[in-house]
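Those protein sequence lines, which keep their order, are chains R and L. Residue numbers for the first sequence follow our numbering, so the first one is 1 and each next one is one higher. Residue numbers for the second sequence follow our numbering, so the first one is 1001 and each next one is one higher.
No wet-lab data here; the hints were simulated from the structure. Hints may contain errors.
To give an idea of the chain R side of the interface with chain L (calculated C-beta under 8 Å), a few residues [what the hints assert, rightly or not]: (1) L39; (2) N42; (3) W52; (4) M69; (5) R73; (6) V76.
Far from chain R, some chain L residues (derived; all Cβ distances over 12 Å) [as the list claims (entries may be wrong)]: (7) K1052; (8) L1057; (9) E1131; (10) Q1133; (11) D1241.
C-beta atoms are modelled at their ideal positions from N, C-alpha and C, and glycine is treated no differently.
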Amino acid sequence: MTESQRKNIYGFTGPTAVALREKVGQGLALATLGGFRGLAANALMLEAHGAWEEQQWVRVRSALELATMLQPRVVVFWDMASWHLAWNAAVSAEQYSGESNETRRRMEARRWVEAGRDLLERGTKAVPEKAILFQRLGDLYWQRMGDYTSAARYYREALTKGDAPPYLERFVGYALDKAGDKKGALDYFRELRAKMGAAPDPLRRPEVVDREIQRLEKEILSTPKTGKIK
Amino acid sequence: MIGGTRRVLAVAGNTFLEAVRQKVFAVLLLFGLVMVGGANYFTEFSYQEQFKFLKDLGYASIGLTGLLIGLLGAAQLIPGEIERRTILTALCRPLRRWEFIWGKYLGLLFLLFVMVGVMSAAVWGVLHWKEGQLIASEGGDPAVADLIRAEARDPRMLQAVLLVGVKLAVVAALAVFFSTIATSTTFVVAMTLMVYLIGHLQSVAREQWLESGEATRWLVKSFLVLVSLLIPDFNLYNLIDEIVAGNAVHWKATLEVTGYSVVYIFILLGAATLAFEGRDI
């Protein structure tokens, strides 16, 4: 939500007050923190950091949930929180827990990954104007869930924001390719290359896009027509 | 008019000097500076988080120190003068009561602005030092070094300092108002703190009340309107959180909050003047 939208909807109130309003059912007392809410949120991040070092994942999660609730507009909190849950806690549950049953370990790991994803989804609603959380959501779907179609969707969403890094535009094509949609990936890269024009910005790495187009064309041509390429 | 202004400034200068000579304010300032310096120990995080922690603690230190200085300073304004009977010497001179109140407030405001200036310089110094430290350790890549510099030298920090300053000015005006009707310093401190807390709570409580659908009766609505008019909405200054978070906050929004604060200050000082005019000393 942009600042003007927020102002139109909520009137003459600060954005953090609005975020708190959304959570007010969880404790009006939080508002008494007043001007020192940032300090409280930082203390919770320190608490989460300490709990992470001790591998106490439930404590990590509750401290992170509270920190993001107190300061929902701080991107770095959502980013850090989802990384702790979807990567650190999930890997710990899968590889280092005392559970002997592998299926249970995997289920537990999956729960942590989903917790990280849910947190990031809330983050994208709290800070919808920035690319980074959409990008992280794409990374999470790609790296932790193997859902490349969703990853491509979130990378596309990130690219609609003004502050997406230039390399991210290629990630949509990579994700489509990984999802098995080689035709879609080829179309995407061709469209991207066309948008770059005759004198593209070197930061957008047009040579990499050209290489991907050639590779995909070759792969599609070399695949028998009875193949399963979409 | 010129004579009035001169008398107001004379009272303001006297109030400022009197406050500066008191050790308690120096101790508070030192406490604030130590808090700012202490913020530098969060080294286990990414540079964005480190800067966020530094800025949060910096602004909180300025806010807390300013709140204490404003409260204690204003609490001694009228009750202290009455206790020491120095107010009689002041008011038997050709000095109007409103000039006395405005002079006292301006003196206190000047003290607060000096304090905010000194502490902001300290915050800037700590950020600058952290910038050098982080560039030395992580800034091998010029792009990362640029990002670190942008975090440390964020021009929006000026907006945050302005917001902290005007918030303290409103708190000081509140305390001055209570000091004109109070007979003890405890009353001034307690009342100002109470209004400060209500000011932070009121917008959240009001929105919750309105959304729950309970505020349908005109009496309830009138009560809400009355509270929102009588008590400044201190949540407006939470724009500082947005600035620290690195989100865009337009100068227009900052200036709107400043304008809102100035209106409240004038209302509070007007009420203080009226209360003081009719008071027996």
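Subject >> Evaluation of the interface hint that places R:N42 against chain L, nearest CB under 8 Å >> reply: Holds: closest Cβ of chain L sits about 5 Å from R:N42, inside 8 Å.
Original post:
Taking the closest pair, is the beta carbon of L:D1241 still more than 12 Å from chain R?
Top reply: violated, 5 Å
Original post:
So is L:Q1133 really clear of chain R, every C-beta pair being over 12 Å apart?
Top reply: holds, 19 Å
Subject >> When the least beta-carbon distance from R:R73 to chain L is tested against 8 Å, hint result >> reply: holds, 5 Å
Subject >> Non-interface claim for L:K1052 versus chain R (Cβ beyond 12 Å) >> reply: Given a closest Cβ separation of 7 Å, the condition is violated.
Original post:
Does R:M69 meet its interface restraint, that is, does its C-beta lie within less than 8 Å of any C-beta in chain L?
Top reply: violated, 13 Å
Original post:
Can R:V76 be said to touch chain L, with a Cβ gap under 8 Å?
Top reply: holds, 5 Å
Original post:
Looking at L:E1131 again, its CB stays over 12 Å from all of chain R?
Top reply: Since the minimum Cβ distance to chain R is about 17 Å, L:E1131 lies beyond 12 Å and the statement holds.
Original post:
Should the label of L:L1057 as a non-interface residue stand, given a Cβ cut-off of 12 Å to chain R?
Top reply: Its Cβ does come within 12 Å of chain R, the nearest being 6 Å, so this is violated.
Subject >> Supplied contact hint for R:W52, tested at 8 Å Cβ to chain L >> reply: violated, 10 Å
Subject >> Residue hint R:L39, partner chain L, criterion CB-CB below 8 Å >> reply: With Cβ-Cβ at 5 Å, under 8 Å, it holds.
Going through the hint list in order, the structure does not satisfy hints 3, 4, 7, 8 and 11.
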